[in-house]
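Student: The hints should help you fit chain B onto chain A, whose structure is shown.
Here the protein sequences line up with chains A and B, keeping their order.
Letter 387 of the first sequence, counting from 1, is numbered 387 in the numbering used here, and no numbers are missing.
In short: position in the second sequence from 1, add 1000, done, that's the numbering used here.
Just so you know, these hints were derived from the structure itself, not from any lab.
Each statement offered as a hint is correct.
Quick list of in silico lysine to any residue cross-link-like pairs, SDA-like style, CA-CA up to 20 Å:
1) Lys93(A) / Glu1056(B)
2) Lys244(A) / Ala1168(B)
3) Lys430(A) / Asp1076(B)
4) Lys105(A) / Ala119(A)
Owing to the predicted nature of the structure, the values given are computational and were not obtained by experimental measurement.
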Amino acid sequence: MNLLKKLTLGILALTISSALYAQKLTIFWAEWDPANQLQELAEMYTEETGVDVVVETTPWPDFQTKTFTEFAAKGSSFDMVVGDSQWVGAGVKGGHYVKLNDFFKEHKVAETMTAGTVAAYAEYPQGSKNYYAIPTEGDADGWAYRKDWFEDPKEMANFQKKYGYKLDVPETWAQLKDIAEFFHRPDEGRYGVTVYTGKGYDALTMGIENVIFAFGGSLGDYATYKVEGLVNSKETIAAVEYYKELYQFTPPDWGDTFFAEANQVFTQGKVAMSMNYFAFFPALTNKKVNPHVAGTGYFSNPKGPAGRFAALGGQGMSINSYISDSQKKLSYDFLAWFVKEENQRKWAEVGGFTCNKAVLESEAFLNATPFNAAFKETMFMVKDFWAIPEFADLLEPIQRNMHQYIVADQGTAKEGLDNVAREWKEILKKAGYTN
Amino acid sequence: MAVGVHKEATNSQPGLARTGLSDLSIRNLFIIPTIAFLACMNIFPLIWSLFLSFHEWRANLPDEKAVYVGIQHYRDILNDPAFWQTFSLTAQYVLYAVVGELVVGFGVALLLNREMKAKGVITTLLLLPMMMSPAVVGLFWKLLWNPGWGIVNPIFGLANDYAWLSDANRALWAVVITDIWMWAPFVMLLSLAGLSAIPKHLYEAAEIDRASWWFTFRNITLPLVTPLLLIAIIFRTMENFKQFDMIFTMTGGGPGTSTEVHSIRLYRMAFQSWDTGKSSAFAYILLIMVIGISMIYIKYLNKIKER
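Isolated chain A, as found in the complex (with noise of 0.2 Å):
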């Protein structure tokens, strides 16, 4: 065998060993900035160790489906997940997510992370302190608005005029709506506000809640799973009712929307307030994407009759239950590094909404963005949907319903909220949690 032809054996035999033995993390997410944002996080973990990490994503509408297919199949596709706060009931009784008590005790991570997002994003049942989640995506429903157009010495003389207060961010929902009518003029091509109305998922559902807590009404009691009488209360109602008034407001065809469409009308400049999650914001600072960058606002949601809520969003990373104890190690090494102060300082810094309650209070995360202040007060008043295994069923009556009564503009609130009361109690019964 000539040298020539030994070298090249040899090369061969090290890429192929190099590629057999290459360490690999796969995390599965949904397809947003925060994405590409922890890609960023993972390639400094990357320079660090060496293991290479990658973030697939996939559209928000099929997160959901598509996750669960690969449990359903016990796929290891991904070795985690960074699932969405409602699913830890579903990840956990399905046994697709591995339980994370030890590494919670080691890490400190309930002492280290807001309660509100350990609570949420990653205990199940809650008050259980068992943990499966590390919480990663801190998120919530807030609103940017055109601040230039609220400084108007013109329109806050003619808002003034009409309304018979001063022209400022809202304080209640009351004011968001009177100040969503003022603006919205269609003949001019400009509208007062965008809500989610999306009938996927649960884009709807999302944009209702923060009204239906605020205006004190509920989706059930989610200790006793009574929902009758709560879904369907006149406080639920009144909010459903407020947040079609709302709709009015919104841009034409606004009937199927979601973050996306919200930031790209907002970009546009066509509309005054638009509410989305924390998560979308960093891209309307971005003068390249928002050409209104220097005229963008943000604040918190206004309070209602019974006081300040918002939807809450986010995530938890969770390791899938179905791969290797390789992969489980690799998994455990990441979260180890990610859950670390100082790369949850990182984590911020690159743009990700950490949950880190030291990095979250300091001065320096306050001010990076004009946003993170608002997303700092939201946190402390945020609300979820239900979180039991059973949630995609719950999901999908009142997004149908709520639909049906907001959009389609068929059959009155209390129809819709009726036949949701009446849908969730039978999936209840049949799911065992009452008789």
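Tutor: Just chain B now, with coordinates in the frame of chain A:
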């Protein structure tokens, strides 16, 4: 027996055995793997889903035991008014879309069935929509129907707040028109094949007899092209009955439930609510319906052929 035949063949024609594959080899190499593949990918899921349709089970909780519930799921679905509402909506969608495709497709075929310049290029261009993915067509038309930046409203002189897909009364029509745009070329293609196969001498004889255009169309063109039109109707009915991707990307079944056809309802039940047992029963009911409708068509088609 097959082995014996094979041996005989190889003994008498040794050259063939070396150059071609024997029946036994063909069976082992192609037929058995194909049957095994079909059994795994088609027949097993069919039987498994039939089993599941009589059980309470959720695919997102695979370790939970399936509980036998008999025909409960079938009874629940057939007694659910929402099912019949969806059925009525699906029937409307299929009817409007198939009739539209038939009228447009056959009309265009009649126009193209003559000597004209660039006929081949025009025919190819007209076939382009049906070559696209239905999901892409749905997303593409979602933009076209948008009153803000779509081209539909300006073309028809409609106001920029005239919503199509967000309006419960117009969304179905928007979906139907999109479907007609996509699939009328398919009907056109089959109609053109039928029209070009009609013997020319029949038209010449009609011309000698001074038959009117309508008489010729009614007594020569239509009867001779009907078998192919019926095949187009069968295909389009079956396809539209299970239409999913285009509607899902355009409206997601909304607003409310105004475009929620059977397939979208089934998808939500199976992959959003994870009610696997009930959705299997739902799928079987749909399967029986599609088979029933197809059988009626095929029976009618055979009757026409006999004539």
